[in-house]
Structures are given as C-alpha cells and as structure tokens.
Amino acid sequence: MPLLDRTDRAQGAVLGSAVGDALGAPFEFGLPGVFRERFPDGVGELCGGGGWDPGEATDDTQMAVLVGESLLERGGLDLPDLFARFRRWAAADPKDIGLLTEQVLLGGDPWDLAASLHFQVNGRGAGNGALMRASTSAVRFAARGRTATMDAARRIAALTHGDGAAWEGTAILHDLVRVALLGEDPLTALPATLAEVAPAHRERWAIVLAPDWHPDQATEFNGAVWPCLGSALWALRTTASFEEALVAAVDLGGDTDTVAAVTGMLAGTVYGASAIPTRWTSTLHVPLPGSAGRVLRTDDLRALAISLTAPR
0 MPLLDRTDRA
10 QGAVLGSAVG
20 DALGAPFEFG
30 LPGVFRERFP
40 DGVGELCGGG
50 GWDPGEATDD
60 TQMAVLVGES
70 LLERGGLDLP
80 DLFARFRRWA
90 AADPKDIGLL
100 TEQVLLGGDP
110 WDLAASLHFQ
120 VNGRGAGNGA
130 LMRASTSAVR
140 FAARGRTATM
150 DAARRIAALT
160 HGDGAAWEGT
170 AILHDLVRVA
180 LLGEDPLTAL
190 PATLAEVAPA
200 HRERWAIVLA
210 PDWHPDQATE
220 FNGAVWPCLG
230 SALWALRTTA
240 SFEEALVAAV
250 DLGGDTDTVA
260 AVTGMLAGTV
270 YGASAIPTRW
280 TSTLHVPLPG
290 SAGRVLRTDD
300 LRALAISLTA
310 PR
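Each residue of the sequence shown is one higher than the one before, counting from 0 in numbering that gives the first Met the number 0.
The hints are simulated quantities; they were obtained by calculation from the structure and are not laboratory data.
As the structure is a prediction and not an experimental result, all values here were calculated from the model.
The beta-carbon is built from N, C-alpha and C at its ideal position, and this holds for glycine as well.
There could be a bad hint or two in this list.
[Stated by the list, open to error] Label-pair distances were calculated between CB atoms; the ranges are: (1) G144 x S306: 19 to 29 Å; (2) Q216 x A239: 20 to 30 Å; (3) A83 x D40: 38 to 48 Å; (4) D4 x Q216: 32 to 42 Å; (5) T277 x G49: 16 to 26 Å; (6) Q119 x D52: 31 to 41 Å; (7) A194 x T6: 26 to 36 Å; (8) L71 x A91: 18 to 28 Å; (9) A194 x D215: 19 to 29 Å; (10) K94 x E219: 23 to 33 Å; (11) E195 x K94: 31 to 41 Å; (12) A91 x A239: 33 to 43 Å; (13) R293 x P53: 11 to 21 Å; (14) P53 x D77: 32 to 42 Å.
Could you build the full structure based on these sequences and the hints that come with them?
Here it is as structure tokens:
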C-alpha cells in the first residue's frame with residue numbers, strides 16, 4: 000500500500016465514496032458493460048444522466064453527510080438524533096431514496112423500533128442502504144479499534160435495516176476502512192475481521208468475500224448487501240488504482256451508484272485522496288434535502304473528513 004498519512008486516507012474514504020456515487024448514478028440499473036461502451040478508453044467522466052447532473056451525488060452521500068454531521072455536532076453516536084436527521088431528509092423529497100429506507104423512516108414508528116417492525120412485517124432488511132452511508136462513521140470510529148468500530152456500525156445500520164446480515168456487512172466494511180486508515184491491507188485483514196462477525200452470518204460473508212469470489216456468482220441483485228460488498232472487494236482486489244477500481248465497479252451494472260460508492264470508500268482509503276482524479280472532484284456536489292438548500296462540494300467533504308479524524 001502507498002505511504003500516506005491518515006488524513007489523506009480519511010479524505011480518500013469520504014471523497015472516494017462520494018465520487019463513486021456520482022460516477023455510478025447515471026448508470027444505475029443498467030446492464031454490465033454499459034459504462035465501457037460509453038467510455039471505451041476506460042477514462043470515465045462524471046457525465047450525468049438519468050436525472051442526475053454531472054457530478055451530482057445521490058442519497059448514498061447525502062446520508063453519509065448526515066451521519067458525519069450528527070457524530071460531530073452531538074459529540075458521539077446519538078441514535079435518536081441520527082434517525083431524526085434521516086427522517087427530516089426523507090420527508091424533504093430527495094431525488095432518490097431506497098424503498099426500504101423510505102418505508103422505515105416515514106412509517107411513523109419510533110427510532111428504536113421502526114426497522115425491526117418493518118422487517119417483521121415484510122421480511123426484507125438486507126439491502127445495501129447501510130453500506131452506502133458508512134464512510135463518515137467508519138472514519139470517525141476507526142481510532143477506537145475493531146470491536147468499537149464494528150459495534151457502532153451495527154447500531155447505525157439497525158436504524159433502517161432489520162436483517163442482521165446488513166448489520167454484519169456494515170460492520171465488516173467499517174473495519175476494513177479502519178485497517179486501511181492504518182496503512183495496512185484490508186484484504187489481508189479479512190480473516191481477522193470475519194472472526195468478529197456474528198456466527199449466524201459468518202459463513203455466508205466468508206463465501207462472498209473470498210479471494211476467488213466473482214460478481215457473476217452472486218445469487219441476488221447487487222442492491223443486496225452481500226453482492227454489493229463482495230463486488231466492491233472484488234473491484235479492489237482485481238485492479239491496481241483508485242480509478243481502475245471504480246471503473247470496474249460501475250461496469251458491473253445494476254446498483255452502480257452504491258457499488259461504486261462502497262468501492263470508492265475502500266479504494267479511496269487505500270490509495271488516498273491524492274489518487275482521486277481532479278476531473279472527478281472538480282464537479283462533485285452533494286445537495287442536501289431538508290437542510291435549507293445546502294450543497295456540499297469537494298472542499299466541504301474534505302473538511303468533514305478532517306473533522307471526523309480529530310481527537311475527541
């Protein structure tokens with residue numbers, strides 16, 4: 000791994016996720032290979048399309064910002080506050096919001112019951128919506144070590160997702176970011192991370208994150224938590240740069256914004272913010288529904304990441 004300081008890697012996690020989100024958004028629900036058809040030289044652009052302006056990030060990054068700002072303003076993990084921020088955002092009619100997340104947030108149930116009640120009724124709660132917003136909390140909790148980082152991830156995921164598979168997948172992602180922030184290889188750390196996964200979910204996660212797993216082996220659409228994180232690890236494992244990893248992720252098709260957001264989170268931490276092309280960061284912007292018209296740009300995301308790494 001490149002020799003980078005922790006601040007550059009933290010900025011890479013937050014910026015990388017946002018860039019992946021904006022890069023993949025116009026290709027969401029497309030077929031594999033569509034990205035390379037658009038950019039046959041492999042040099043992709045934040046091109047916009049599908050209702051998205053060039054460089055516009057989606058709900059993935061919007062929710063990550065809400066998480067980060069709650070952690071900073073509340074001085075730690077305040078779950079009722081975070082749920083209230085999510086609910087205000089959802090009620091402000093964001094351009095995109097996952098169906099499960101929308102139902103949980105706007106169903107009228109209290110913060111500590113909403114996701115579990117939804118899961119009891121619908122039996123669905125293993126989407127990738129908790130993975131997509133993980134960059135800011137992963138950066139914030141990394142200094143506390145593996146156990147605290149994974150525990151915080153589970154608690155944040157459980158606000159909107161009732162299936163423990165989503166909690167464990169989000170915990171794994173948080174810990175891999177933590178490892179990369181230390182300048183260590185997250186792929187090498189996988190066995191130690193998996194050892195901390197709840198036993199009921201460990202075997203399935205081990206299969207999806209194995210070195211020989213390929214996205215073609217997925218048994219669900221990559222909007223589900225397992226193939227989403229598995230595809231992101233595959234993209235990181237089979238490429239040699241931030242840009243190559245994101246191109247590989249988007250070209251898988253399907254839930255391209257979230258798969259690329261998760262890939263960008265990991266690759267950004269591994270390669271650092273300095274590896275993210277300026278042609279991507281120059282147009283990046285994050286509208287924030289429910290926040291009086293605020294729009295965050297690259298410098299705002301950098302500042303957020305730096306604040307999240309500050310000692311408490």
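Status of the hints after comparison with the structure:
About 20 Å separates the C-beta atoms of G144 and S306, a value consistent with the hinted range of 19 to 29 Å. Range check, Q216 to A239: about 23 Å between beta-carbon atoms, so the 20 to 30 Å window is met. A C-beta distance of roughly 46 Å is found between A83 and D40, which places it inside the suggested range of 38 to 48 Å. For the pair D4 and Q216, the supplied restraint of 32 to 42 Å holds, since their beta-carbon distance comes to about 37 Å.
Distance hint for T277 and G49: a CB-CB separation of about 24 Å, consistent with the stated range 16 to 26 Å. Look at Q119 against D52: about 39 Å separates their beta carbons, and that is inside 31 to 41 Å. In this structure, A194 and T6 meet the distance hint of 26 to 36 Å, their C-beta atoms being roughly 29 Å apart. About 21 Å separates the C-beta atoms of L71 and A91, a value consistent with the hinted range of 18 to 28 Å.
At roughly 28 Å, the beta carbons of A194 and D215 sit within the given window of 19 to 29 Å. A C-beta distance of roughly 25 Å is found between K94 and E219, which places it inside the suggested range of 23 to 33 Å. A hinted range of 31 to 41 Å holds for the C-beta pair E195 and K94, which are about 36 Å apart. Checked against the hint of 33 to 43 Å, the C-beta distance between A91 and A239 comes to roughly 41 Å, which is consistent with it.
Against the hinted window of 11 to 21 Å, the Cβ-Cβ separation of R293 and P53 comes to about 19 Å, which satisfies the hint. For the pair P53 and D77, the beta carbons lie near 35 Å from each other, so the given range of 32 to 42 Å is met.
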